[in-house]
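One line per chain: the protein sequences are Y and R, in this order.
Just so we're aligned: 178 in my numbering is position 178 of the first sequence, and the numbers increase by one with no gaps anywhere.
Just so we're aligned: 135 in my numbering is position 135 of the second sequence, and the numbers increase by one with no gaps anywhere.
Bear in mind the hints are in silico, worked out from the structure with no lab data behind them.
Just so you know, even glycine gets a beta-carbon here, dropped at the ideal spot from N, CA and C.
Some hints here could point you the wrong way.
To be verified - Every beta carbon over 10 Å from chain R, so not counted as near; a handful from chain Y, in silico:
hint: 1; residue: Ile-4
hint: 2; residue: Pro-78
hint: 3; residue: Asp-152
hint: 4; residue: Leu-358
hint: 5; residue: Met-407
hint: 6; residue: Thr-475
hint: 7; residue: Glu-539
hint: 8; residue: Arg-631
hint: 9; residue: Leu-698
hint: 10; residue: Glu-700
hint: 11; residue: Thr-743
hint: 12; residue: Arg-748
As the list claims (entries may be wrong) - In silico PhoX-like links for lysine-lysine, alpha-carbon gap of 25 Å or less:
hint: 13; chain 1: R; residue 1: Lys-245; chain 2: Y; residue 2: Lys-672
hint: 14; chain 1: R; residue 1: Lys-245; chain 2: Y; residue 2: Lys-622
hint: 15; chain 1: Y; residue 1: Lys-746; chain 2: R; residue 2: Lys-260
hint: 16; chain 1: R; residue 1: Lys-260; chain 2: Y; residue 2: Lys-622
hint: 17; chain 1: Y; residue 1: Lys-61; chain 2: R; residue 2: Lys-45
hint: 18; chain 1: R; residue 1: Lys-255; chain 2: Y; residue 2: Lys-746
hint: 19; chain 1: Y; residue 1: Lys-622; chain 2: R; residue 2: Lys-255
hint: 20; chain 1: Y; residue 1: Lys-106; chain 2: Y; residue 2: Lys-171
hint: 21; chain 1: Y; residue 1: Lys-628; chain 2: R; residue 2: Lys-260
Claimed, not checked - Simulated restraints on C-beta separations:
hint: 22; chain 1: R; residue 1: Pro-56; chain 2: Y; residue 2: Pro-122; range: 35 to 41 Å
hint: 23; chain 1: R; residue 1: Ile-264; chain 2: Y; residue 2: Gly-734; range: 22 to 28 Å
hint: 24; chain 1: R; residue 1: Thr-152; chain 2: Y; residue 2: Ala-753; range: 36 to 42 Å
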Amino acid sequence: MNYIDSSLKVVGTRPLRPDGVDKVTGRALYSADTRAAGMLWGKILRSPHAHARIVKIDTSKAEAMAGVYAVCSAADFPDIPSEEAFVGEGPMNFRDLAQNVMARGKVLYEGHAVAAVAASTPAVADAALAAIEVTYDVLPYVIDVEDAMAADAPVLHDDMFTAGVDPKPTKASNIAKVVKFKKGDVEAGFAAADVIIEDSYTTQPVHQAYIEPHACLATCAADGQVTIHASSQGHFMIRAYTAKLLGMDMSNIRVNPAEIGGGFGGKTLIYIEPVAVKLSQKSGRPVKIQMSREDVFRGTGPTSGASVTVKLGAKKDGTIVAAQTVLKFQAGAFAGSPINPGCMCGFALYDIENIDVLGYDVVSNRPKVAAYRAPGAPIASFAVESLIDDLASKLGMDPLTLRQKNMAKNGTKTHYGPTHQNIGFEQVLAAVQTHPHWKSALPAGQGRGLACGFWFNIGGESTATVHINEDGSVTVATGSPDIGGSRASMGMMVAEVLGVDISMVKATIADTASIGFTHLTGGSRVTFATGMAATQAAEKVVDELKKRAAMIWEIQPDAVEWRDGKAFPAGSNAGGFEPLDLAELALKAARTGGPVNAEVSVNAQGAGAGFGAHICDVSVDKETGHVKIERYTAIQDVGKAIHPSYVEGQIQGGAAQGIGWALSEEYIYSNKGQMDNPGFLDYRCPVASDLPMIEAVLVEVPNPRHPFGVRGVGEVPIVPPMAAVANAIKGATGLRMPDLPMTPPKIRAAFDAAG
Amino acid sequence: MSNLSYAAPTSVDDAVKLLAGSSGLAKVLSGGTDLLVQMRSGRLKPDLIVDTKKIPGIIGIREENGGFVIGAGTAGAVVEAHAGLNKAWPGLVEALDLIGSTQVQGRCSLAGNLCNASPAADSVPALFAAGAIAVVVGSKGKREVPVEQIPTAPGRTSLAKDEFILEFKLPVRPARSSDAYLRFIPRTEMDIAVVGCGISVTLNEAGVCTAARVSLGAVAPTVLLLADAAAILVGHTLDADTLAKLDAAAQAACKPINDKRGTIEYRTKVAGVLARRVAAIAFDRAAGKSTGKAH
Numbered sequence: 001m002n003y004i005d006s007s008l009k010v011v012g013t014r015p016l017r018p019d020g021v022d023k024v025t026g027r028a029l030y031s032a033d034t035r036a037a038g039m040l041w042g043k044i045l046r047s048p049h050a051h052a053r054i055v056k057i058d059t060s061k062a063e064a065m066a067g068v069y070a071v072c073s074a075a076d077f078p079d080i081p082s083e084e085a086f087v088g089e090g091p092m093n094f095r096d097l098a099q100n101v102m103a104r105g106k107v108l109y110e111g112h113a114v115a116a117v118a119a120s121t122p123a124v125a126d127a128a129l130a131a132i133e134v135t136y137d138v139l140p141y142v143i144d145v146e147d148a149m150a151a152d153a154p155v156l157h158d159d160m161f162t163a164g165v166d167p168k169p170t171k172a173s174n175i176a177k178v179v180k181f182k183k184g185d186v187e188a189g190f191a192a193a194d195v196i197i198e199d200s201y202t203t204q205p206v207h208q209a210y211i212e213p214h215a216c217l218a219t220c221a222a223d224g225q226v227t228i229h230a231s232s233q234g235h236f237m238i239r240a241y242t243a244k245l246l247g248m249d250m251s252n253i254r255v256n257p258a259e260i261g262g263g264f265g266g267k268t269l270i271y272i273e274p275v276a277v278k279l280s281q282k283s284g285r286p287v288k289i290q291m292s293r294e295d296v297f298r299g300t301g302p303t304s305g306a307s308v309t310v311k312l313g314a315k316k317d318g319t320i321v322a323a324q325t326v327l328k329f330q331a332g333a334f335a336g337s338p339i340n341p342g343c344m345c346g347f348a349l350y351d352i353e354n355i356d357v358l359g360y361d362v363v364s365n366r367p368k369v370a371a372y373r374a375p376g377a378p379i380a381s382f383a384v385e386s387l388i389d390d391l392a393s394k395l396g397m398d399p400l401t402l403r404q405k406n407m408a409k410n411g412t413k414t415h416y417g418p419t420h421q422n423i424g425f426e427q428v429l430a431a432v433q434t435h436p437h438w439k440s441a442l443p444a445g446q447g448r449g450l451a452c453g454f455w456f457n458i459g460g461e462s463t464a465t466v467h468i469n470e471d472g473s474v475t476v477a478t479g480s481p482d483i484g485g486s487r488a489s490m491g492m493m494v495a496e497v498l499g500v501d502i503s504m505v506k507a508t509i510a511d512t513a514s515i516g517f518t519h520l521t522g523g524s525r526v527t528f529a530t531g532m533a534a535t536q537a538a539e540k541v542v543d544e545l546k547k548r549a550a551m552i553w554e555i556q557p558d559a560v561e562w563r564d565g566k567a568f569p570a571g572s573n574a575g576g577f578e579p580l581d582l583a584e585l586a587l588k589a590a591r592t593g594g595p596v597n598a599e600v601s602v603n604a605q606g607a608g609a610g611f612g613a614h615i616c617d618v619s620v621d622k623e624t625g626h627v628k629i630e631r632y633t634a635i636q637d638v639g640k641a642i643h644p645s646y647v648e649g650q651i652q653g654g655a656a657q658g659i660g661w662a663l664s665e666e667y668i669y670s671n672k673g674q675m676d677n678p679g680f681l682d683y684r685c686p687v688a689s690d691l692p693m694i695e696a697v698l699v700e701v702p703n704p705r706h707p708f709g710v711r712g713v714g715e716v717p718i719v720p721p722m723a724a725v726a727n728a729i730k731g732a733t734g735l736r737m738p739d740l741p742m743t744p745p746k747i748r749a750a751f752d753a754a755g
Numbered sequence: 001m002s003n004l005s006y007a008a009p010t011s012v013d014d015a016v017k018l019l020a021g022s023s024g025l026a027k028v029l030s031g032g033t034d035l036l037v038q039m040r041s042g043r044l045k046p047d048l049i050v051d052t053k054k055i056p057g058i059i060g061i062r063e064e065n066g067g068f069v070i071g072a073g074t075a076g077a078v079v080e081a082h083a084g085l086n087k088a089w090p091g092l093v094e095a096l097d098l099i100g101s102t103q104v105q106g107r108c109s110l111a112g113n114l115c116n117a118s119p120a121a122d123s124v125p126a127l128f129a130a131g132a133i134a135v136v137v138g139s140k141g142k143r144e145v146p147v148e149q150i151p152t153a154p155g156r157t158s159l160a161k162d163e164f165i166l167e168f169k170l171p172v173r174p175a176r177s178s179d180a181y182l183r184f185i186p187r188t189e190m191d192i193a194v195v196g197c198g199i200s201v202t203l204n205e206a207g208v209c210t211a212a213r214v215s216l217g218a219v220a221p222t223v224l225l226l227a228d229a230a231a232i233l234v235g236h237t238l239d240a241d242t243l244a245k246l247d248a249a250a251q252a253a254c255k256p257i258n259d260k261r262g263t264i265e266y267r268t269k270v271a272g273v274l275a276r277r278v279a280a281i282a283f284d285r286a287a288g289k290s291t292g293k294a295h
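Given these sequences and hints, build the entire structure.
See the structure below:
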């Protein structure tokens with residue numbers, strides 16, 4: 001069924017969030033909050049070197065210590081062969097994942113795990129780690145992407161031969177892959193252009209900086225059955241990857257999803273679960289591993305840093321006729337940067353006849369990158385949206401008008417293949433034009449920037465069950481962790497279909513043994529895909545309830561109508577029965593065929609792409625280079641906001657993270673290739689006082705492929721901020737800042753250089 | 001496993017004896033906002049902690065001979081709530097107020113900030129500018145030490161193993177005197193100074209500076225007291241020429257390092273910028289033109 005044009009009673013309202021009380025009172029059980037009788041503390045020894053061959057690991061002293069119950073290193077794990085899988089938002093090679101979880105042969109970055117212990121207390125575990133003797137043969141290392149591509153760079157993997165070039169290279173290098181996309185004839189496009197503009201940009205790796213460090217509790221029973229308690233973006237993902245890395249059957253692993261304290265893409269892979277399971281297998285006791293913030297920074301994945309060049313050609317009237325870009329993405333120690341989406345997203349917003357894109361996936365001696373909100377897109381859009389702003393200046397055009405002239409519409413064919421359908425970019429830009437922020441006069445001394453962003457959004461496999469409880473209340477269970485408000489949105493969609501108040505519906509997250517497979521949370525897919533499963537399950541329940549009422553009334557099921565949470569006879573011909581509500585039908589369920597439940601699994605197709613536009617006003621202290629965000633408005637096509645407060649929160653959060661990426665977040669390396677700022681003091685995420693209230697404006701262009709019109713909303717909002725801030729700084733100062741983060745020293749130096 | 005002992009003596013003598021008699025690493029605990037963090041991170045593994053907060057008189061603010069005496073263990077929040085200190089030493093109060101969060105303010109102390117001996121400590125440039133005297137106690141009795149003689153290097157002080165600070169004496173404030181402190185941080189809160197600057201001045205009736213002390217933080221291994229910069233202010237109003245000379249003197253005094261918080265070039269330039277801005281606030285306050293907070 002489709003509810004897009006229906007009058008809705010629950011969807012679109014703002015009920016209290018179901019997880020709110022537990023979270024603000026500290027009762028919510030996150031990964032680190034669970035203990036077990038006899039539990040041991042697992043700790044991981046990490047490499048101090050950026051690049052080294054492991055000559056020997058001597059664990060004998062640690063093993064002999066009182067209170068130490070198990071020690072493990074790569075030798076305790078299966079040597080996994082190379083196997084590519086596409087999961088969530090990017091490629092995953094299981095050999096690389098295994099070697100990232102526990103280094104085998106070489107350490108490839110400072111913080112790479114080399115061994116682990118399980119001990120009676122954290123202090124004993126720390127002492128045991130200190131007693132492990134690792135002999136390293138230290139190798140030359142390389143941190144930055146351009147350096148890693150140089151012909152004389154230290155090579156991380158001697159079996160890495162660049163894919164995507166013909167003929168296949170004979171010499172190993174750090175370039176894992178070359179990606180190319182072409183549309184039209186870019187040379188002819190530039191030849192026909194009246195104005196050509198080109199610039200180069202760099203971005204730094206940024207961490208997802210979820211507030212909850214990774215943690216897990218693993219218990220291996222005497223019969224080999226394993227239970228894992230952990231938070232993640234997909235407990236089925238933890239089960240599958242842990243099984244793969246340990247050579248186990250999935251049926252022998254059960255994963256209980258803990259409350260999650262943020263993921264933003266960074267919890268779409270595993271780091272510690274196989275280690276905790278291995279230590280539990282060896283010790284026969286439950287083992288808990290919890291990372292410190294320092295472990296999180298040194299050992300888990302940020303998104304790529306990059307080096308990007310963009311060239312645009314336009315007619316005098318503003319029509320962009322040619323666009324070319326070269327993107328070089330850091331992948332970290334193993335192949336798999338988000339270079340593909342990076343190559344697709346920058347130009348996906350515009351209808352450009354001739355496009356040429358070249359991308360490189362490059363390894364270097366830093367932690368393996370992980371997904372981070374709209375992986376790759378923010379990097380590409382920082383460059384493209386900065387250059388479009390400069391193109392507008394060069395053409396003497398308003399930056400909004402230039403974008404409106406070139407914007408993608410329904411039917412625009414992208415350079416990577418698909419044709420845009422049911423998109424709302426035009427409506428988003430129209431909302432910019434009429435917004436009071438855009439129309440307001442700029443206060444003296446300030447600058448205003450505009451930038452836009454795109455993300456595909458995905459669907460995929462999800463399962464939901466809806467149960468009518470004995471008293472007529474309702475439970476909806478899904479296999480999706482609640483990372484962005486899914487308990488609220490699932491409950492609301494089910495309540496809408498059933499025609500009951502939201503207080504009647506409780507949404508939960510079922511563990512891997514209690515519900516059908518559900519793909520991890522990524523690609524902004526959950527409200528769309530899991531929501532589709534939950535909606536369909538609720539519809540099946542309504543059909544069943546109509547049958548039960550028909551049975552009670554002894555009429556045909558199609559003579560029963562369901563509305564406002566009750567069964568009614570459909571018209572006077574059906575009979576003059578009093579309506580039956582959920583409680584009455586639940587009470588009679590045993591006599592009408594048993595419990596009323598439905599489970600639906602889907603592989604949802606038709607996710608609607610998302611577009612956003614951000615407006616940013618800044619002031620700049622010319623003497624210190626400090627940038628103050630004075631006003632910020634984020635406008636986005638969200639399809640349909642099931643719970644608008646959560647959607648606004650997603651948009652505000654994405655903008656806040658993007659502003660950190662723009663102004664202050666970066667990895668600082670010592671001259672030994674060690675991270676110098678592995679904590680929130682010197683890895684500078686914005687604090688509350690750094691930001692103004694971010695106004696989120698919801699544009700609702702329904703996605704016709706979802707029953708309520710939903711499109712993903714969680715990733716688009718991190719795409720525009722870097723260029724929005726950079727363009728605002730340009731407006732305030734005349735300075736184009738092409739290198740992120742735009743820190744006070746860089747801005748002061750740019751002022752000094754400009755004279 | 002190391003064994004950590006904790007003692008909370010109730011007299012100066014007992015505290016001094018404990019410190020003098022310790023065979024391992026003994027640390028004085030005041031608010032603990034640095035000490036506990038360093039222990040938690042594993043950087044510091046003391047054998048003995050001597051908590052001085054139970055010593056009578058070590059917490060509190062009193063007036064003595066026309067000046068203020070601040071007990072070494074007095075929490076930042078207590079100092080900030082003191083009307084007399086806000087009036088006489090707004091720069092010192094605002095510098096102390098910048099340390100940490102509201103929660104940290106309930107514990108952090110001037111003595112802790114000084115003895116942690118970080119060149120980037122916020123209250124220390126203001127304390128230097130104020131000309132505060134530290135009253136130090138130890139086995140040999142009591143001695144009075146100008147605060148600028150306490151820190152000697154990052155993490156190091158001139159205090160002997162058995163010594164600690166009991167209280168700070170602030171000098172009597174002549175008419176038309178005031179002070180100010182500013183720091184530069186990349187964010188707006190929860191950060192460590194890239195550069196800090198404290199200035200205290202006294203003006204005559206014509207607005208001409210008759211006495212000045214200028215201090216910079218985070219631009220050298222210790223917080224600096226800048227005699228040259230102070231001399232530039234004395235005998236002048238805050239005209240453009242004086243400001244330019246002050247800027248140049250502040251920059252000339254800098255001996256910073258490149259680190260994760262700032263570059264040599266940037267720190268030096270910003271030291272000059274802050275010196276000008278802080279002087280302007282201090283002069284305005286001394287002249288009674290402004291009593292508002294600098295932050």
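Q: Would you assess whether Arg-631 of chain Y, listed as outside the interface, keeps its beta-carbon beyond 10 Å of every beta-carbon in chain R?
A: 16 Å, holds
Q) Is the Cα-Cα distance between Lys-245 of chain R and Lys-672 of chain Y 25 Å or less? A) Outside the cut-off at roughly 41 Å; violated.
(Q) Taking the Cβ atom of Thr-152 of chain R and the Cβ atom of Ala-753 of chain Y, is their distance within the range 36 to 42 Å? (A) 38 Å, holds
Q) Was Thr-743 of chain Y rightly flagged as not at the interface, with every chain R Cβ beyond 10 Å? A) 6 Å, violated
Q | Non-interface claim for Ile-4 of chain Y versus chain R (Cβ beyond 10 Å) | A | Label holds. Min Cβ-Cβ 44 Å, cutoff 10 Å.
Q. Is it correct that the beta-carbon of Glu-539 of chain Y has no partner in chain R closer than or equal to 10 Å?
A. 49 Å, holds
Q. Is Lys-622 of chain Y within 25 Å of Lys-255 of chain R, Cα to Cα?
A. 23 Å, holds
Q: Starting from Lys-245 of chain R, check that the Cα of Lys-622 of chain Y is at most 25 Å away, please.
A: 20 Å, holds
Q | Assertion that Met-407 of chain Y lies farther than 10 Å from chain R (Cβ) | A | 35 Å, holds
Q: Would you mind confirming whether the straight-line C-alpha gap from Lys-61 of chain Y to Lys-45 of chain R stays at or under 25 Å?
A: The given pair, whose Cα atoms are some 23 Å apart, holds under the 25 Å limit.
Q: Look at the Cβ atoms of Ile-264 of chain R and Gly-734 of chain Y and judge whether their distance stays inside 22 to 28 Å.
A: 27 Å, holds
Q | Outside-interface status for Asp-152 of chain Y - nearest CB in chain R farther than 10 Å | A | 27 Å, holds
Violated hints, in rising order: 11, 12 and 13; the structure is consistent with all others.
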